[in-house]
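Novice: When you get a sec, could you build the whole thing from the sequences and use the hints?
FYI, the numbering for the sequence shown is 167 to 414, going by our numbering.
These aren't lab readings, by the way, just hints derived from the structure by calculation.
Cβ atoms here follow ideal geometry from the backbone N, Cα and C, with glycine treated the same way.
Don't take every hint at face value.
Stated by the list, open to error - Distance ranges between label pairs, derived from CB positions:
#1 Q324 with E195: 52 to 60 Å
#2 R200 with V376: 15 to 23 Å
#3 R375 with S316: 23 to 31 Å
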Amino acid sequence: MRHQMIMESLRQHSPVLVGELAVELGCSEMTVRRDLESLERSGGLRRVHGGAASVVLSAEETPYGIRALEFHEAKAAIGAAAARLLTDGETIILDGGTTAMEVSRALRNRRMTVMPLALRPVFELHECPGIKLLLPGGEVRPGELSLTGSLTEPSFSQLRFDTFVMGPCGVDATAGITTHLLAEATVKRGAAKASQRVIAVADSSKLGRVAFGHVCDINDIDIVITDAGADQEKVDELWAAGVDVRCV
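Specialist: In structure tokens, the structure reads:
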């Protein structure tokens, strides 16, 4: 919880001072310094004299370890809602990313075939008796542990899945579905083509955001699941574009 509050303070203003954070968090300055050291190792900030500053640029993806701290309750609710839309016996492609990871946690007691596009869902599901895992090939992206490259797409291009649960970086009614890494855009696009239905799971900060790599048009998405904090105007724009939006 302290780490989340520190990152929220950095989003609002950077740099932040150790003394100010200690008062805000109700803990000692020594505790704050240890927290800052931990967050610096995760790649979400850099230490400066007397405090810390953000290293996240608007055009770049926030490191996985930091994203996992952000909107955690919202992502858990989105993951549970997505799992409820999946039927036992389905064949699923499950994307990487922090929100898709919450979907994997909600599937632990289910019965279905799952092809994860990252290693973290594999770690979550590999001991679940009802889950049959299919592993694609590809190159493991450091930090994200997503699978990309020329070996990945052929792993599912010869198969047909019921549902692709996609974790986009941006969801916009005009720009469509986007992601930061071009190699991941290619994989997501191929997964969508191999699936009868595409469910995008995205916390409200992703709505209206446009990242560098275009994945698909918005009308290629069947359902967008986001959190109750979503901007109503952005939700309405998606509805007007023909997308079924679920705010949970």
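Novice: Give a verdict on every hint.
Specialist: Here is what the structure says about each hint:
{"no.": "1", "hint": "Q324 with E195: 52 to 60 Å", "verdict": "holds (58 Å)"}
{"no.": "2", "hint": "R200 with V376: 15 to 23 Å", "verdict": "violated (37 Å)"}
{"no.": "3", "hint": "R375 with S316: 23 to 31 Å", "verdict": "holds (28 Å)"}
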